[in-house]
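Enquirer: Working from the sequences, and respecting the hints, build out all of it.
Residue numbers (this note's numbering): 8 to 1027.
Errors might be hidden in some of the hints.
The calculated lysine to aspartate or glutamate pairs, modelled on EDC-like cross-linking and capped at a C-alpha distance of 16 Å, are [as the list claims (entries may be wrong)]: (1) K500 with D474; (2) K518 with D474; (3) K746 with E848; (4) K949 with D660; (5) K427 with D394; (6) K843 with E679; (7) K949 with D662; (8) K695 with E679; (9) K500 with D475; (10) K695 with E673; (11) K349 with D359.
Derived Cβ-Cβ restraints for the label pairs, each shown as a range [unchecked claim]: (12) V479 with R915: 41 to 47 Å; (13) D591 with D226: 48 to 54 Å; (14) D501 with V939: 17 to 23 Å; (15) T880 with Y709: 37 to 43 Å; (16) D501 with G652: 28 to 34 Å; (17) K695 with H612: 52 to 58 Å; (18) T742 with M823: 27 to 33 Å; (19) K221 with P708: 32 to 38 Å; (20) M919 with R426: 54 to 60 Å; (21) S876 with H910: 25 to 31 Å; (22) Q298 with S876: 53 to 59 Å; (23) G652 with E855: 40 to 46 Å; (24) D591 with I307: 42 to 48 Å.
Please keep in mind that the hints were generated in silico from the structure rather than gathered at the bench.
Glycine residues also receive a C-beta, built at the ideal position from the N, C-alpha and C atoms.
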Amino acid sequence: MAEWAALVTFPAFIMVECPTTDIFIVFITGSSALCIIVFFVLIKASSTPRRFPIFTNLKPTFFLVSYKRDDSDADDGVLYFCTNCDNCPLCDSKPKDRVPPPHNKLLADSRTAGALADDVSSKFDASTLEDTSKIADMMTALALTDSGSNVYEQPSKLFASRASFQKDRALHQPTSFTPVSVAEATRSVNAVLDNPKKVDKCQERSLRVLAEVKQQVEDARTSLDIEPSFSLNDLEHVAQMRSKVTTASGIASSAEESLKHVRDGEEKGGCDWQTTSIGPQNNYDASYVAQSPIKNLDMIAQVMILLGIVCHVIIGLGTDPTNFVLQTVTLLIKMVMSLHAKKNSDGTETYDAQQIDILEQLPSSLHVALNRFNIDGKTLQYAVCPDCHHTHAPQNPKAAVLMYPKTCVNSVVDIKSGRKTCGTELLIMRDGRLRPIKPFLCPSFMDHLAQVLSDPEIERLCDQACDDAFAVLHQPSPSALHTTNVFEASFLKDFEGPIPGQLFIDRGDGKRLRLAYAIFLDFFNPNGTRKRGNHDSVGLISAINVGLPLSLRNKPEYTYVCLLSGPREPSVEQINGYLRIIIDEALIAWERGIHLSSTGTSPEHGRNVDLAFILSINDLPAARKIAGAASHNSHFFCTVCSCYGISTMYHTDFDHPDWKPRSVDELRRAAEAWRDANTVKEREEIFKKYGVRWSEMWRLPYWNPSQMLVIDAMHCVLEGTVHYHCRRVLEIDETAASKTPKVAPAFDYEWRPYNAEDVPSSFRIHSEKDHKQVTSIRSFICTPLSGEGAEITTKEEWIRHLAVTDKSTKADLVEMLYKWRLTQPLVSSSFTFRPKTVTLEGLRFIQEVIAKTVTPSWINSVPKNYGESNAGTIKADEWRLLATIYIPIALVLMWGDKSPSTHASHFRNLLMHSMALFQAVTLVCLCSTSHVRATAYRNFMKQWVEELYKLHPHTKFDDRRPNVHAAFHIYDFLLLFGPVLSWWSFPFERLIGMLQKINTNDHIGGEMEATMLKSWMRGR
8 MAEWAALVTF
18 PAFIMVECPT
28 TDIFIVFITG
38 SSALCIIVFF
48 VLIKASSTPR
58 RFPIFTNLKP
68 TFFLVSYKRD
78 DSDADDGVLY
88 FCTNCDNCPL
98 CDSKPKDRVP
108 PPHNKLLADS
118 RTAGALADDV
128 SSKFDASTLE
138 DTSKIADMMT
148 ALALTDSGSN
158 VYEQPSKLFA
168 SRASFQKDRA
178 LHQPTSFTPV
188 SVAEATRSVN
198 AVLDNPKKVD
208 KCQERSLRVL
218 AEVKQQVEDA
228 RTSLDIEPSF
238 SLNDLEHVAQ
248 MRSKVTTASG
258 IASSAEESLK
268 HVRDGEEKGG
278 CDWQTTSIGP
288 QNNYDASYVA
298 QSPIKNLDMI
308 AQVMILLGIV
318 CHVIIGLGTD
328 PTNFVLQTVT
338 LLIKMVMSLH
348 AKKNSDGTET
358 YDAQQIDILE
368 QLPSSLHVAL
378 NRFNIDGKTL
388 QYAVCPDCHH
398 THAPQNPKAA
408 VLMYPKTCVN
418 SVVDIKSGRK
428 TCGTELLIMR
438 DGRLRPIKPF
448 LCPSFMDHLA
458 QVLSDPEIER
468 LCDQACDDAF
478 AVLHQPSPSA
488 LHTTNVFEAS
498 FLKDFEGPIP
508 GQLFIDRGDG
518 KRLRLAYAIF
528 LDFFNPNGTR
538 KRGNHDSVGL
548 ISAINVGLPL
558 SLRNKPEYTY
568 VCLLSGPREP
578 SVEQINGYLR
588 IIIDEALIAW
598 ERGIHLSSTG
608 TSPEHGRNVD
618 LAFILSINDL
628 PAARKIAGAA
638 SHNSHFFCTV
648 CSCYGISTMY
658 HTDFDHPDWK
668 PRSVDELRRA
678 AEAWRDANTV
688 KEREEIFKKY
698 GVRWSEMWRL
708 PYWNPSQMLV
718 IDAMHCVLEG
728 TVHYHCRRVL
738 EIDETAASKT
748 PKVAPAFDYE
758 WRPYNAEDVP
768 SSFRIHSEKD
778 HKQVTSIRSF
788 ICTPLSGEGA
798 EITTKEEWIR
808 HLAVTDKSTK
818 ADLVEMLYKW
828 RLTQPLVSSS
838 FTFRPKTVTL
848 EGLRFIQEVI
858 AKTVTPSWIN
868 SVPKNYGESN
878 AGTIKADEWR
888 LLATIYIPIA
898 LVLMWGDKSP
908 STHASHFRNL
918 LMHSMALFQA
928 VTLVCLCSTS
938 HVRATAYRNF
948 MKQWVEELYK
958 LHPHTKFDDR
968 RPNVHAAFHI
978 YDFLLLFGPV
988 LSWWSFPFER
998 LIGMLQKINT
1008 NDHIGGEMEA
1018 TMLKSWMRGR
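Expert: This is the structure we're talking about:
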């Protein structure tokens, strides 16, 4: 017995060790509920299960497991149990394989756990080695079947008096166990203190004790009222008791209030602790950014490496031409060295040690030069599922050969089987090893931050943006009436940061760095937009720091770029696989912050960085993808307000309740419900009701699409509304100008706008050509059938205009339309002749104005043959110039007060209508904005919409355009984020143009995208 030494002492158990046998035994002296703990017996020398003594004189409340050491001969990590069962009361003294399930069944059939324990104690002598294994087996069965007592009903030394604790908590020590010495107990306590269990249940216990106190007080009050054995004669005693109960009730309420304050203070302290400890929790080693990879090389080698980089990255030479240049220069260097080298008898030269060292440092190829210069940045290749587009990271990102899962592990919802694991093959054998079928090269956002913040001036500008915006809150200046950037607008003045109750722009002591980023998503054809070219599509996710000035913000070195693998666009659900990678890092940067070990202003200690994506800049289709919203042609056509139904798209009653923003909490709950739905039907019902799907953006706790998903003015106003007004409303087009004038329609009819959600799948329109045919049919049906302008007289001519392939179906459809048309007026009862808006002469005059107008040199030009088919595609900036300079000048000269036209009043109304839109465009494109300018912009847009059908009746047959409604909400974003120059997509479209010019091998689907990304990162 002297061989046993105590390791740990604790009120609930005692752990002892035998030095000679290297066995750990744990004695449980409390309730059998603690038997859930599994105690491993470590045997160092032996490879077979051991029997060991058990010292107990009470009901067994423990079980032992013999554990095989990892360094033994048998398999590692194997738990050994005895396989013989001699004189077992459960097995009827028959040898059996003893596993818990049979014992559990036998135990339930024979006797209770307590009876079993008593039986075991009476039959076996615990001090003998022969019965040790049997007792351990009994204890195993007992531990697995005994539910134990309620731990909350056990006495607590913290919340019980000394007398009650000692009374209820009697310590039973085995009689055959040698007492533990004080020195050993002290050593054991110190060992526990060195590794405390980090579980704080103070608050939980306080609430439980408080509830018990309140229950006792309530029971006492009730007993005073209804207890029959209580003597009611002693009224004074009753009053005293009631007074004590009332006092106790007040104390309990006060304790509850105090506990609430403590809990609130603990939560706030936790937030403060989390904020102050962000750095150590999220370290990112950025020291490599400040290190020069070639500083230890010879000057000649440095120049050679720089020459290869310049030839490839800046000049644009390919790999082979660059290798030729490097090898040629290497040959020239050797020829120069040979002039002073020692000549050998065989005609060769012997170089000295310095020359040999220089020659060894020279890059032999472009690949070597790129590796030594280290300009590629940090990237990681993912394996993308070809089916669901879920991204799979390699098992070891730092390994020389990346290994990926063989099949997709993403959980998807199938239309037939519901929720399941995708299971699509991810890898294919190529060049002798398994490679991803659809690779995706993703740049590190942390590396982007480290590169950007290595410049001390950039770091200073980011700090200044927050500090200036926060200072204006307390000392507003007259210049604050006009905003010039995002930090001067209203959104960041109310945007709460990661610390509750503190604004994002409030940097506190000034040590933290707060970065506000805008994220952009779009898709483009890497081969350009040629009409007869292929229609491949590559995705672009980009991010910029809106805290930088406009002169620096959009430069390549400060822009984050990520290219999504083609050749087809991912769906609204599939895009989440790519967004998840970026949102993972953004979520860490918001909730816990990032500590960069080295920055421009603090190269030694680094800085803590908080980051938020406060803006999402996209065109209408891409905005729906990144937000998981319904299509812009659906009834949920708006992501900002609650307007519903395509018929409400042109409404201008801004005071109507439908114009209020959508509830972000409701949208978040609907998106999460869609994500958690187990069937396609459930998802369709949720989407039909709320018009939203799950998006990775919802993982950001601050994400609010009603405010952060901005309406891009470039796509919405310039390429949308201005383009529609010039081409469809005014019809400034050579083809339209050469046609005969259109007559007024015979009748007005409120055509139901086409919506794919309202049409069965077999009848949906899938091409733009068919969509235009449907629009032309509407206009054709309303044409007068008699009188001036009547053109259609035969049923065959009606059939000729229907774009349906089956002839019999044509006849049936036209019969229905023909009969319905005869029920409508043949001619308009209020017919008034409307001259053509723009004739061929008018188009030539507009072209002349464009050619002869003198503009400053900083204003770009527009096609002088505008309106003709060979003018090419008009770009967004050209629409801006046409709408703000050239077309207004031409229309004023043609339709102004001195117009010689006999319909001068009509054209003057057209002029005022057009100028309303052009003035709105002028206001929205200014470099600064204010509440007055934003209001004027919306009023001009309202005037243009309200007079559209009146002055241009032919537009009634056009589908209502969501751009028109979205343009109204630019008013809201002008107030939230300032002028559109800070958040329109011009810089990103220029970025797409630069990416399209990069030379690639056209192997789209991962390889081409990786080439484009690497070339971009090298040249930034």
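Enquirer: Against each hint, give a clear statement of whether it holds in the structure.
Expert: The hints, checked one at a time:
1. In summary, the hint linking K500 to D474 is supported, as the alpha carbons are separated by about 12 Å, within the 16 Å threshold.
2. A threshold of 16 Å between alpha carbons decides the hint, and for K518 with D474 the separation of about 12 Å falls inside it, so the pair holds.
3. For the suggested pair K746 and E848, the alpha carbons sit about 13 Å apart, so the restraint of at most 16 Å is met.
4. Proximity of K949 to D660 is assessed by CA-CA distance (about 9 Å); at most 16 Å being required, the pair is judged to hold.
5. The straight-line distance between the Cα atoms of K427 and D394 is roughly 14 Å, inside the 16 Å bound, and the hint therefore holds.
6. This hinted pair does not check out: K843 and E679 have alpha carbons roughly 54 Å apart, beyond 16 Å.
7. Restraint check for K949 and D662: the C-alpha separation of about 13 Å stays at or below 16 Å, so the hint holds.
8. For the given pair, K695 sits about 15 Å from E679 by alpha-carbon distance, which is consistent with the 16 Å threshold.
9. Simply put, K500 and D475 have alpha-carbon atoms about 11 Å apart, close enough for the 16 Å limit, and the pair holds.
10. Distance hint between K695 and E673 is fulfilled; the C-alpha atoms sit about 14 Å from each other, no more than 16 Å.
11. Of the pairs offered as hints, the one joining K349 and D359 holds, with about 9 Å between alpha carbons and a cut-off of 16 Å not exceeded.
12. Distance hint check: the CB atoms of V479 and R915 are about 45 Å apart, consistent with the given range 41 to 47 Å.
13. Taking 48 to 54 Å as the suggested C-beta distance range, the pair D591 and D226 conforms, at roughly 53 Å.
14. As the Cβ distance of D501 to V939 is approximately 21 Å, the hint placing it in 17 to 23 Å holds.
15. Between T880 and Y709 the CB atoms are about 38 Å apart, so this pair conforms to the stated range of 37 to 43 Å.
16. Distance hint check for D501 and G652: the Cβ-Cβ separation is about 31 Å, which falls inside the suggested range of 28 to 34 Å.
17. Separation of K695 from H612 is about 55 Å and conforms to the stated range, judged on CB atoms against 52 to 58 Å.
18. Between T742 and M823 the beta carbons are some 31 Å apart, a value that agrees with the proposed interval 27 to 33 Å.
19. Between K221 and P708 the Cβ separation comes to about 35 Å, which falls inside the hinted range of 32 to 38 Å.
20. The given range of 54 to 60 Å is respected by M919 and R426, whose C-beta atoms sit roughly 59 Å from each other.
21. For the hinted restraint 25 to 31 Å between S876 and H910, the CB-CB distance of approximately 29 Å keeps it satisfied.
22. For Q298 and S876, the hinted distance range of 53 to 59 Å is satisfied, since their beta carbons lie about 57 Å from each other.
23. Restraint check, G652 to E855: a C-beta distance of roughly 45 Å satisfies the suggested window 40 to 46 Å.
24. Distance hint check: the CB atoms of D591 and I307 are about 45 Å apart, consistent with the given range 42 to 48 Å.
The earlier numbered hint that this structure contradicts is number 6, and it is the only one.
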